[in-house]
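**Student:** Protein chains in written order, with my numbering: chain H, 231 to 496; chain P, 174 to 663.
Since the hints were derived computationally from the structure, they do not count as laboratory data. Do not rely on the hints blindly, as some may be mistaken.
As the list claims (entries may be wrong) - From the structure, some residues in chain P lie toward chain H, with a derived Cβ separation under 7 Å: (1) R275; (2) Q636; (3) D642; (4) L643; (5) R652; (6) W655.
Claimed, not checked - Rough simulated footprint, nothing fancy, chain P against chain H, three-plus residues with beta-carbon under 8 Å: (7) 263 to 269; (8) 341 to 348; (9) 370 to 384; (10) 408 to 417.
Built from N, CA and C at the ideal position, the CB exists for glycine as well.
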Amino acid sequence: MRIAVIATCLGDAMFPQAVKATVEILERLGHEVVFPEAQTCCGQMHVNTGYLDMALPLVRHHVEVFADAADVSVAPSGSCVGCVRHQHAMVARRGGDEGLARAAEELAGRTYELSELLVDVLGVTDVGAYYPHRVTYHPTCHSLRMLRVGDKPLRLLREVRGLQLTELTDAEVCCGFGGTFAVKNAEVSTAMLADKMANVLTSGAEVCTAGDSSCLMHIGGGLSRLRSGVRTVHLAEILASTEQGTPARDVVFDTAEVGESKGVHP
Amino acid sequence: MTTDLGMPTTAPDGVGFLRGTESFPVAAHRALADTQLRRNLGHATRTIRGKRARVVAEVPDWEELRRAGEAIKADTMARLPELLEQLEEAVTARGGVVHWARDASEANAVVASLVRGTGADEVVKVKSIATQEIGLNEALAEQGIAATETDLAELIVQLSDDRPSHFLVPAIHRNRSEIRDIFLRALPGVDPDLTDEPRRLAMAARAHLRRKFLSARVGISGANFAAADTGTISVVESEGNGRMCLTLPDTLITVMGVEKVVPRWSDMEVFLQLLPRSSTAERMNPYTSTWSGVTPGDGPQAFHLVLLDNGRSNVLASPEGRAALHCIRCSACLNVCPVYERAGGHAYGSVYPGPIGAVLSPQLTGISGPDDPNASLPYASSLCGACFDACPVRIDIPNLLVQQRAASIASHRTPTAQDVAMRTVAAAMVSPARFRAAERVLGLGRFAGRSGRIRFLPYPGSQWTSARDLPAPPAETFRQWWKRTRGSQS
C-alpha cells in the first residue's frame, strides 16, 4: 500500500524520531511510504484556540497536499488525526466552502492514526518489535475519545518482545496538556499533570508511552523537571525497535542526543 | 433612541449571577491553593464518578437512551415557540397562570409582585438553578420577602452566605466539619452540642426546615421538565423537601427556563431514566413530583408558571451553540471534568459551572471583549472530551467549547498580542518555504537547551516552563532527515 506520512508540525520540528519510527515500521511491513514535502500543519492549534477563520487556509492546504498523495495517510498523533477527521469539514463549512468540506471529509475517511492503520487497515498487531523495558501506556484524550482507538495501542504493545506492560491508574484521565490550555491555564494544567505523574511513577514503569508527542512532551517535561528517572517514548519508537537495531532511545530531554542523532535511524 | 426589532437579547448586566468578576485562571489560582477544597472536591467527584459508571453500565440500552434524549431535545429546540404556546394553553386550561419574562429583571418583578399579592413576607424554595441565575432571593430580599432554601446543601450555602459550586451538590466544596461550624453559627435554634455526625447534621436541618414548611404560604420552585401536551410540570429531588414545598403552601410559583419544555408527557420516560443515573448515580431518584395546574382541595390552590428567557433565545439563534440548551442539569460533566475537579465551581463565576457552564454562560450573557470574565470560560478546558462521553443527552461540549472560543475571539475589537502571533504562525503554515524558515529559527533553541532541556523561557513560554521542561529542538528536523536519506524518492 502507498502510504503518505503526516509528520505533523510538532513531529517535524521537535520530535522527528517518532515520525522516522513510523516510516520505519511501515517500510519494514513492506509498504511504500511517501512524504509530501509541501505539508505544514493540520491547523489544530488554530482551531482549538478558536481561530477558525485563520485555520481555513491551513485546512485547504492540508487537503491540497494530501488528496492525491497516496492511498491512505497516517500520522503518529491522535490529536492531529482527530482534527483532520472531526474538525476540518466543520472549519470549511463555517468558512462557506462546501466543496472543501466534502474533499476534507473524503480525505479524512482515509486518514489514520498509527495504531488504527496498523490494526484496522493493515491487519497486524505483531510488527516484529523488541523492547526490553517496563512500560506503561497513557491513552491520549483525542485518540481515546475522538478517534476511539480503544485497546489497539495495547494490542500492539502486548506483541512487543521483551516489553513488560504495567497498569496506569486513572489512565483515561487527561494529563493536562490540552494545547494552548497548558499555557493559558498553566496552573490547572500543572495540577492535572501532578496527578498523572504520580500515577506514572507508582506504576513502576521505566517508560511512559503514548500515541501523541504533544502529550508526551507535557508528561515528559514534568518528569524531566523532577529528575524522576522515568522517560517518555512515543509508541511508534517502541514498535520500530528490534533485536537488530539499537532500541529506540529517548532523544527527548536526553543530553546525548542533542549532538549526533543515534538510534535505529540512519 | 433604539428600536426594538424583536431580536433576541442577552441576559442583562447587574442582575443575577451569570458572570463573575475575575477571569477563570485568576479565580482558579485561589481555588488550587485551597487544600481543603481540593480534598473535598477530589473525594466527592471521584466517589460519584465511580457510582455513576456502575449504574450506567447496568442499562443495556444506555446509548439508545442517550440518542433518544438528544433527539427529543433537538426536536424541542426546532419548534420551541410553538411548544411554549402549547404549554401555556395546557397550563391555563388546568387552572394555572403563565407569565412570560424576557429577562431576569422581569422574572424577579413578576415573582415579587405575586408574593406581595398573597400578603406573605416569607417563601420556601425548592432547589432551583434558574432562580439563582436571576438572583431571585436577593430581589425578594429587597422587597422585604425572606426566601428560605430547603434543599440541605442549598441551605448550607445560604446560611454561610456562600455561592453554590455544583448543580446537584451546591455545597460539594464543604465537608461535614465545615457544615457543623456553619450550622452552629447560623442555624436558628441549633443545639450547641451539635457534632459533625451526618445524621445529627441532617436532624438539625430537618427541625429547622419543618417549621418553615408548616408556616410558609408560598412555595417557589424551578422545573426539571414541562410537558407541552398536558401542561405537567415535574421536579425530581432526593430529600422530600421539594414535595413539601410543592404541596403544603397555598401558592406555588415555578420559574422555568424556556428550554425545559418537552413535547410530550411520554418523553418523561426517557429523561427519568437518563437523569437520576447521570446525576445522583441512582437508578431512580427518591422523589418525583408532577403537577398539572391546580387541583381543587388538593395542594396549592394558586399556581403560577414564569417562563424565563434571559438570553436563551440568543443561544437558540446560534446554530453552533444551541445544543447547550439541551442540558438537563444532571452535573455528570462537572463530575468527570478534570478541570472542575481541581478548580471547583466558584472559579467559573456563573451559577452554571463546569464544562456545560463554560459554553452556556458566555452565550447567555454574550462576550463583551477580551477582558470579559466569561470570555475566559471556553478556555477552561483541555478539550479532553470526558464531558461528551458522560452527557446523557450527547451534547458535544468539546465542539461547543471550540465554537465559544471563536466567539470569544470575535469579540476582540482590536487585535490582541495572541491574535497577532496566531496570524503570523498561520501565515507561515500555509507556505512550505516560510514553514521551513520558521523551523530553522526554532532550531536556534538548541543553544538555549545545550543540556538537552530548556528550563526557562520568556513569557508566554514561561507559563510552560514554570512546571515543565521543554526538550531542546533536534539537530535535524524530520523534513531534513527525509531529504538527506530519501531525497530523490519524492
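**Student:** Using the nearest Cβ pair, does Q636 (chain P) come within less than 7 Å of chain H?
**Tutor:** With a minimum Cβ separation of about 4 Å from chain H (threshold 7 Å), the hint on Q636 (chain P) holds.
**Student:** Could you check if R275 (chain P) really has its C-beta closer than 7 Å to a C-beta on chain H?
**Tutor:** violated (30 Å)
**Student:** Using a Cβ cutoff of 8 Å, are there at least 3 residues of the region 263 to 269 of chain H near chain P, or does the coverage claim fail?
**Tutor:** n = 6 at 8 Å, threshold three: holds.
**Student:** Does the region 370 to 384 of chain H contain three or more residues whose Cβ lies closer than 8 Å to a Cβ of chain P?
**Tutor:** With 5 residues in contact (Cβ-Cβ under 8 Å with chain P), the coverage given for the region 370 to 384 of chain H holds.
**Student:** Can you verify the interface hint for D642 (chain P): is its Cβ closer than 7 Å to any Cβ in chain H?
**Tutor:** The hint holds - D642 (chain P) has a Cβ within 7 Å of chain H, the shortest such distance being about 4 Å.
**Student:** Could you check if W655 (chain P) really has its C-beta closer than 7 Å to a C-beta on chain H?
**Tutor:** holds (5 Å)
**Student:** Given R652 (chain P) as an interface hint, is its Cβ closer than 7 Å to any Cβ of chain H?
**Tutor:** Given a least distance of 5 Å, the restraint on R652 (chain P) holds.
**Student:** According to a criterion of three or more residues whose C-beta lies within less than 8 Å of a C-beta of chain P, is the region 341 to 348 of chain H covered?
**Tutor:** violated (count 0)
**Student:** Does the nearest C-beta of chain H fall within a distance shorter than 7 Å of the C-beta of L643 (chain P)?
**Tutor:** Since chain H brings a Cβ to about 6 Å from L643 (chain P), closer than 7 Å, the hint holds.
**Student:** Given as covered by chain P, does the region 408 to 417 of chain H meet the bar of three residues or more with CB within less than 8 Å?
**Tutor:** holds (count 10)
Of the numbered hints stated above, those contradicted by the structure are hints 1, 8, listed in ascending order.
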